[in-house]
Amino acid sequence: FFGTLSLLAASEPTEPELPLQQLRETTLVATRSERELMKTPGSITSINYDSFAREGVNNAGDVARYQTGISIPFEFSGGDSLVPYRGSGFTNYRMRGVEGNRVLLMIDGIRQPAQIDGAGGNGRDYFDPGIFERVEILRGSGSSLYGSDAMGGVVSFETRSLEEELEASERPWLLNNRLAYQSANKEFSHVLNAGLREGPWYVTLSNALRSGEETENDKGEIAANPLDSWSKHLLGKISYHMDEAQQLTFTAEHFNREQDTDLDSLKSNGDGVSSLQTVLAETIADDSRTRYSIEYQDSKAHALWDHLSVKLYYQYSETNTETNTQTRFANILSRDRTDEIQFAQSALGLATQFTKEYQSFGMEHSFIYGIESSAENAQNTFTRTDRALGGSAPVERPAFDEAELGRYDLFFQNLTTKDRWLFQAGLRLGYYEILPANSDDFLNQTNAPEASPDYSKFSISPSASIQHELNDASVLWARYAKGIRNPSAEDYVGFFNHSATGAYFSQIPNPNLEEESSDSFDLGIKYASKSLELELTTYYTLYDGFISLETIGQEAGPPVTEIQQARNIGEVEIYGIDLRADYQLGAISDALSGYSTGLNLSWADGHNKTTDDNVNTVDPFEAVLHFGYDSIDSETPWGLRLYGTYRAEKKDTTRDYAYYVPPASFVLDLTGYWSLSENISLNFGLSNLTDERYWIWSSSSSTDHESLTSEYSVQPGLNGFLSLNIKL
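By our numbering, the letter at position 664 of the sequence shown is numbered 648, and the numbering carries on one by one without gaps.
Treat each hint with caution, since some may be false.
25 Å max Cα-Cα, derived BS3-like pairs, lysine-lysine [claimed, not checked]: (1) K402 <-> K441; (2) K251 <-> K295; (3) K635 <-> K593; (4) K402 <-> K23; (5) K23 <-> K514; (6) K203 <-> K711; (7) K634 <-> K216; (8) K251 <-> K340; (9) K170 <-> K216; (10) K441 <-> K514; (11) K23 <-> K295; (12) K216 <-> K203; (13) K216 <-> K284; (14) K295 <-> K340; (15) K203 <-> K514.
DEER-style ranges, computed between Cβ atoms [what the hints assert, rightly or not]: (16) V263 <-> E205: 47 to 55 Å; (17) D675 <-> I278: 46 to 54 Å; (18) R155 <-> F407: 40 to 48 Å; (19) S344 <-> L670: 34 to 42 Å; (20) P437 <-> D675: 26 to 34 Å; (21) E205 <-> F442: 47 to 55 Å; (22) I444 <-> T522: 43 to 51 Å.
Just so you know, these hints were derived from the structure itself, not from any lab. Every residue, glycine too, gets a C-beta built ideally from N, C-alpha and C.
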């Protein structure tokens, strides 16, 4: 293999003749400093705004559609398969066998609200991808750089800014519009990006609006629940350049999504006399997130830093769900119930980063250090009101106690370069605490738990990397990283008495929870020439102290009620291979100029060493092959790309796995673009060209409380998108 790379390198010019796109491809997420992506130790993916538009990205699931080894589960039952509290939604990205709060999700360096798994909980998709400049994905632990919750990886979004375009423009203003239609859910969207420059002031305004319906379940045997959805994501940035070295930026961001769902899947079609009839079953959901931040940057050389960044931010998120049900039996209204659930999370934080460049003993050093701290609050309310049969007073049933969370971290990293060698060493010292309120509403519930003590934990997260440039085109690298995830408020003080709903189990808090940890080892090679980019990564990760909801006993009946509790359950090992190759066919012949092909594939396996069983969150083998053409006509460029995605059947489920196991599938997609003029362009695409009936493993276990049917999670048949881009 190394010999092949050497031959490829020898056949290429040694001068830096890489395409402009490759020369601009840089990354921040792996080292918290800007470096060329193909010469950075780590398995990293970067997707920019233009790729979002060309691939028809319109939700969190589309972001990583063609990135093998990365998926995002979709829960149409809202995370609780036993009680119908809300509609559907994405949870959080899954990679290397872990998901949820084990993968850190950030927007502009600010961690996003935690995922809530039960009792009508929420995912983490409080955003519209239309307002992002790019996303960077780091596979493997990022805890030494970003702290708790980055145990499995990091997904880092960067919002749009038109500063660079304004600086390059002769006009002091810019206006970009994108109008789009998505057929799968009859969705119309409009993304606006506007910029203004006035002296040292720069203003960027972005707004993404979407209006659609349920994703049509044309390949399933059960119709999708009717849904009306509307969302907006507004972003505003004001930057003031004090001088060439100093900049102050204020950012305000607001996301809101409203969804009204008719829960036809829960309805009983009796006559209301001798059999139960559901008169009404609906969910009204309102999700929102608001963020304000102010950031100061200074690139003047000082004794302790050459570059300084200080960011102060406040973020508040809220999920409100109202579920209404009415049933009739014996010709009377037997149920008239409203469940109102709210999850609210807030964070006030400060993040500082200092970078100092220096030389010693013939080596160049980049020393990065900083402080990150945040004071967070998490709370939940659950009010149940029954009006039928005389009614009853509203009952408060919060799923977890209100809690204050504190994060106080200090991090260091040193990057050392010597000739063709790069050495990286990082260390993070973190203190984490949970302070339960032990509120009356929480402790006065039926069968309520006892008051919980405070939780605190000090952790150390080291990392180390080494990289060697074999030649101008190829590098060999290795990486070790320690991962950490502290318990969330739901993990630590979560409680829910499902026995009152007829499900007959209760979830109780665990004051003895410990942190989860991981040790990840990566070995990889990267090759980048004028015509070929290739990355091969192998990895092994050992997770310890996995937090899982376990059955710990029973409560005497009738009926018998299972008692469940979050516990640290032991060791899990996950290992695998990732491969990416992109090749410009014009290197073979001038007649093939503009043609390209590529392959992405991921294989992983996992083993629960404690139970001697498999791991269901490890996705099966996946490969994406693409073939494309980009015209060399600079006046009206156009292009097409055909994707073929193969997903294998998962053969290694756990012994007690009760859900549907999808068969293997192969799906073809076609995307294209056409620049009608310098200021007007079209993007278009067709998904599932052959109208296959297929599933995605990460979403196939989503069920409702009535059955384990897989018909709701089947993917759409042939569908398409069309967007019009106008620049003024």
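Each hint, compared with the structure:
Restraint check: the Cα-Cα separation between K402 and K441 comes to about 38 Å, which exceeds 25 Å; the hinted pair is violated. Restraint check for K251 and K295: not satisfied, since their Cα atoms lie roughly 50 Å apart, outside the 25 Å limit. For the proposed pair K635 and K593, the alpha carbon gap of about 18 Å is at most 25 Å, so the pair holds. Straight-line distance between C-alpha atoms of K402 and K23 comes to about 14 Å, which keeps the hinted pair within the 25 Å bound.
Only pairs whose Cα atoms come within 25 Å are accepted, and K23 paired with K514 is accepted, the gap being roughly 15 Å. With a C-alpha separation of about 38 Å, the suggested pair K203 and K711 falls outside the 25 Å cut-off, and the hint is violated. Proximity of K634 to K216 is assessed by CA-CA distance (about 37 Å); at most 25 Å being required, the pair is judged violated. In summary, the hint linking K251 to K340 is not supported, as the alpha carbons are separated by about 64 Å, beyond the 25 Å threshold.
Between K170 and K216 the CA atoms are separated by roughly 17 Å; this keeps the pair inside 25 Å, and the hint holds. The hinted pair formed by K441 and K514 fails the criterion: a straight-line CA distance of about 49 Å is larger than 25 Å. Distance check on the hinted pair: K23 and K295 sit about 28 Å apart at the alpha-carbon level, beyond 25 Å; violated. A C-alpha spacing of about 30 Å is found between K216 and K203, which places the hinted pair above 25 Å, so the restraint is violated.
For the proposed pair K216 and K284, the alpha carbon gap of about 39 Å is over 25 Å, so the pair is violated. For the hint linking K295 to K340, the alpha-carbon distance of about 18 Å falls within 25 Å, and the restraint holds. For a cut-off of 25 Å, the pair hint linking K203 to K514 is broken: about 43 Å separates their Cα positions. Between V263 and E205 the C-beta distance comes to about 25 Å, which lies outside the given range of 47 to 55 Å.
Between D675 and I278 the beta carbon distance is about 51 Å. The supplied range of 46 to 54 Å therefore holds. In this structure the hint that R155 and F407 lie 40 to 48 Å apart at CB holds, the actual value being about 46 Å. At roughly 57 Å, the beta-carbon separation of S344 and L670 lies outside the given 34 to 42 Å, and the hint is violated. In this structure, P437 and D675 break the distance hint of 26 to 34 Å, their C-beta atoms being roughly 57 Å apart.
Between E205 and F442 the Cβ separation comes to about 54 Å, which falls inside the hinted range of 47 to 55 Å. Restraint check, I444 to T522: a C-beta distance of roughly 26 Å breaks the suggested window 43 to 51 Å.
In the structure shown, a violation is registered for the earlier hints numbered 1, 2, 6, 7, 8, 10, 11, 12, 13, 15, 16, 19, 20 and 22, in ascending order.
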